[in-house]
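Asks: The lines below spell out each chain.
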Amino acid sequence: MLKVKDGDIDKLGLLFERYKKPLFGFFYGMTRDPELCEDLVQNVFFRILKYRYLFRGEGDFKTWMFHIARNVNHDHFRKNKWKNKESLDSWEERLGTDENRATQFHHDEELDMLTLAMERLPEDKREILLLSKFQDKKYKEIGEILGCTEGAVKVKVFRALQELKEVYQQLEKHL
Amino acid sequence: MNDMHIRDLIQKFNAGNLTTAEQLEFERLIEAGQVDPATLEALAPVGQKLDSIEFPSPSADLDDRFYRMLALQKRQARSGFSWSQFFSWPEFAPKLAFASIALVIGIAVGYWVKPAPGPDVQYARVTNELAQLREMMMLSLLEKESATERLKAVNLTQEMHQVSNKVTGALIQTLNSDENVNVRLAALEALVPYAKDVSVRTELIRSIGRQDSPLVQMALAELMEQIQEKKSIRELQKIIQSDKTPEEVKDRIKESIKVLS
Numbered sequence: 007m008l009k010v011k012d013g014d015i016d017k018l019g020l021l022f023e024r025y026k027k028p029l030f031g032f033f034y035g036m037t038r039d040p041e042l043c044e045d046l047v048q049n050v051f052f053r054i055l056k057y058r059y060l061f062r063g064e065g066d067f068k069t070w071m072f073h074i075a076r077n078v079n080h081d082h083f084r085k086n087k088w089k090n091k092e093s094l095d096s097w098e099e100r101l102g103t104d105e106n107r108a109t110q111f112h113h114d115e116e117l118d119m120l121t122l123a124m125e126r127l128p129e130d131k132r133e134i135l136l137l138s139k140f141q142d143k144k145y146k147e148i149g150e151i152l153g154c155t156e157g158a159v160k161v162k163v164f165r166a167l168q169e170l171k172e173v174y175q176q177l178e179k180h181l
Numbered sequence: 013m014n015d016m017h018i019r020d021l022i023q024k025f026n027a028g029n030l031t032t033a034e035q036l037e038f039e040r041l042i043e044a045g046q047v048d049p050a051t052l053e054a055l056a057p058v059g060q061k062l063d064s065i066e067f068p069s070p071s072a073d074l075d076d077r078f079y080r081m082l083a084l085q086k087r088q089a090r091s092g093f094s095w096s097q098f099f100s101w102p103e104f105a106p107k108l109a110f111a112s113i114a115l116v117i118g119i120a121v122g123y124w125v126k127p128a129p130g131p132d133v134q135y136a137r138v139t140n141e142l143a144q145l146r147e148m149m150m151l152s153l154l155e156k157e158s159a160t161e162r163l164k165a166v167n168l169t170q171e172m173h174q175v176s177n178k179v180t181g182a183l184i185q186t187l188n189s190d191e192n193v194n195v196r197l198a199a200l201e202a203l204v205p206y207a208k209d210v211s212v213r214t215e216l217i218r219s220i221g222r223q224d225s226p227l228v229q230m231a232l233a234e235l236m237e238q239i240q241e242k243k244s245i246r247e248l249q250k251i252i253q254s255d256k257t258p259e260e261v262k263d264r265i266k267e268s269i270k271v272l273s
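Taken in order, these protein sequences are the chains called A and B.
Under the numbering used here, the first residue of the first sequence carries the number 7, and numbering increases by one thereafter.
Under the numbering used here, the first residue of the second sequence carries the number 13, and numbering increases by one thereafter.
Hints listed in this document are in silico derivations from the structure and should not be mistaken for laboratory results.
Virtual Cβ for every residue (Gly too), placed ideally from N, Cα, C.
You may find that some hints are simply not true.
[Stated by the list, open to error] With a straight-line Cα cutoff of 25 Å, these simulated BS3-like cross-link-like pairs (lysine-lysine) come out:
#1 B:Lys86 to B:Lys61
#2 B:Lys107 to A:Lys26
#3 B:Lys24 to A:Lys56
#4 A:Lys9 to A:Lys56
#5 B:Lys24 to A:Lys171
#6 B:Lys24 to A:Lys9
#7 A:Lys131 to B:Lys178
#8 A:Lys27 to A:Lys144
#9 A:Lys68 to A:Lys17
#10 A:Lys27 to A:Lys146
#11 A:Lys171 to B:Lys61
#12 A:Lys143 to A:Lys179
#13 A:Lys9 to B:Lys107
#14 B:Lys61 to A:Lys68
[As the list claims (entries may be wrong)] Per the computed footprint, the stretches of chain B lying under chain A, defined by three or more beta-carbons under 8 Å from a beta-carbon of chain A, are:
#15 33-45
#16 112-124
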């Protein structure tokens with residue numbers, strides 16, 4: 007990244023290849039919309055290029071990138087609040103009832119159900135779990151992204167996991 | 013807080029038996045780093061499942077879009093100049109700093125290496141000093157007892173291009189009160205170039221009534237005629253009415269009044 011900062015913007019291609027998948031995964035976990043995710047990933051790399059001078063090289067690039075990703079995600083949903091509400095409604099319609107949804111899964115049932123449980127979580131809890139997953143549980147770095155302490159991140163992850171477990175168990179009962 | 017109590021809380025949590033107060037205490041322990049949420053049996057299965065979730069990969073379309081954007085940015089960077097880029101702060105800041113430093117250095121160098129005042133400036137300064145010296149000399153000569161010295165003083169003013177109020181004041185004083193007629197005439201002659209000045213002109217009119225020498229009176233009348241000063245008529249008439257005035261002078265002054273009125 008420091009080379010990109012110094013003007014060798016070709017090197018951004020390497021970073022893109024390395025991080026496009028986790029970044030896409032993060033956005034996918036948040037939105038469930040592959041096309042939108044691609045837009046958001048593109049937007050993150052555009053911002054990285056535009057604000058490359060702000061990267062001080064003191065911390066981890068991945069942490070900085072997820073910080074930008076989080077802002078991109080928030081900006082997108084702030085701008086499209088109304089539209090998103092509509093799309094979430096239609097998404098719920100498409101999901102149908104929990105029972106119908108559960109019967110659709112034949113393979114990797116548990117993981118599909120967990121994915122469904124993730125969708126049911128509030129946005130902040132979904133976000134912290136995804137950050138924890140894609141940041142390899144580096145709570146200190148996640149704290150830098152969220153602007154809170156490592157301890158606070160641990161508590162947030164703990165609460166989010168607790169809620170995820172509860173939602174998951176409720177879905178299990180319908181099977 | 014002892015380890016036993018912590019282990020007890022962990023067991024209660026795993027069994028799902030924590031009270032609300034214990035839950036809060038448990039969260040405080042997590043925050044303090046005394047309990048690692050990743051090691052909790054009750055959350056391990058859901059945590060592991062979360063770790064094993066595979067999200068889909070982006071399509072090739074994302075690659076196309078990204079590399080198109082990168083190529084565009086490279087082209088823009090290479091194509092050189094753009095005002096928005098020039099003034100974009102991260103790039104503009106060092107330029108501004110460099111320009112400011114260069115300006116300060118330039119001013120400092122300019123100040124230290126500036127040449128001594130040119131010949132013109134020096135000449136003007138010497139001329140000015142000389143004029144001041146002349147003025148002083150003229151004013152001190154006017155104080156002399158000798159009429160010749162005082163004449164010299166009055167003549168000195170003719171060599172001056174520009175005289176101060178102090179000099180014109182001294183000349184008027186000489187015109188009004190010098191005992192020697194020749195000196196007074198010379199003073200009047202010296203004042204002619206400054207007769208355009210309102211204050212000098214007024215003093216010249218006043219001076220008419222103070223003169224007792226017919227030569228000076230006639231010279232003043234001629235001057236008034238020359239500069240077409242109608243306000244002097246009253247003063248000139250006083251001379252005509254005076255018994256002390258010789259008839260030739262009266263005639264000459266009458267001619268001047270005629271021209272003026």
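Asks: In terms of beta carbon proximity below 8 Å, does the region 112-124 of chain B have 3 or more residues touching chain A?
Replies: The restraint on the region 112-124 of chain B is violated, since only 0 of its residues have a Cβ under 8 Å from chain A and three are required.
Asks: Does Lys27 of chain A pair with Lys144 of chain A here, judged by a C-alpha cut-off of 25 Å?
Replies: holds (18 Å)
Asks: Would the pair Lys143 of chain A and Lys179 of chain A pass a check requiring their Cα atoms to be no farther apart than 25 Å?
Replies: It is violated: about 30 Å lies between the C-alpha atoms, which goes past 25 Å.
Asks: Assess, step by step, whether the Cα of Lys24 of chain B is no farther than 25 Å from the Cα of Lys9 of chain A, and give holds or violated.
Replies: violated (52 Å)
Asks: Quickly compare the C-alpha distance for Lys9 of chain A and Lys107 of chain B to 25 Å and report which way the hint goes.
Replies: Satisfied, since the Cα-Cα distance of roughly 21 Å is no more than 25 Å.
Asks: For a C-alpha distance cap of 25 Å, please report whether Lys61 of chain B and Lys68 of chain A respect it.
Replies: OK: Lys61 of chain B and Lys68 of chain A at ~23 Å, within 25 Å.
Asks: Does Lys171 of chain A pair with Lys61 of chain B here, judged by a C-alpha cut-off of 25 Å?
Replies: holds (11 Å)
Asks: Given the hinted pair Lys9 of chain A and Lys56 of chain A, is their alpha-carbon gap at most 25 Å?
Replies: holds (14 Å)
Asks: Decide if the proposed pair is consistent with the structure: Lys86 of chain B and Lys61 of chain B, CA atoms, cutoff 25 Å inclusive.
Replies: This hinted pair is violated, its Cα atoms lying about 42 Å apart.
Asks: Run the distance test for Lys107 of chain B versus Lys26 of chain A: straight-line Cα separation, threshold 25 Å.
Replies: Judged against 25 Å, a Cα distance of about 35 Å means the pair is violated.
Asks: Going straight from one Cα to the other, do Lys131 of chain A and Lys178 of chain B come out at no more than 25 Å?
Replies: violated (94 Å)
Asks: Can you confirm whether the C-alpha distance between Lys24 of chain B and Lys171 of chain A stays at or below 25 Å?
Replies: holds (16 Å)
Checked against the numbered hints given earlier, this structure breaks hints 1, 2, 3, 6, 7, 12 and 16; the rest are met.
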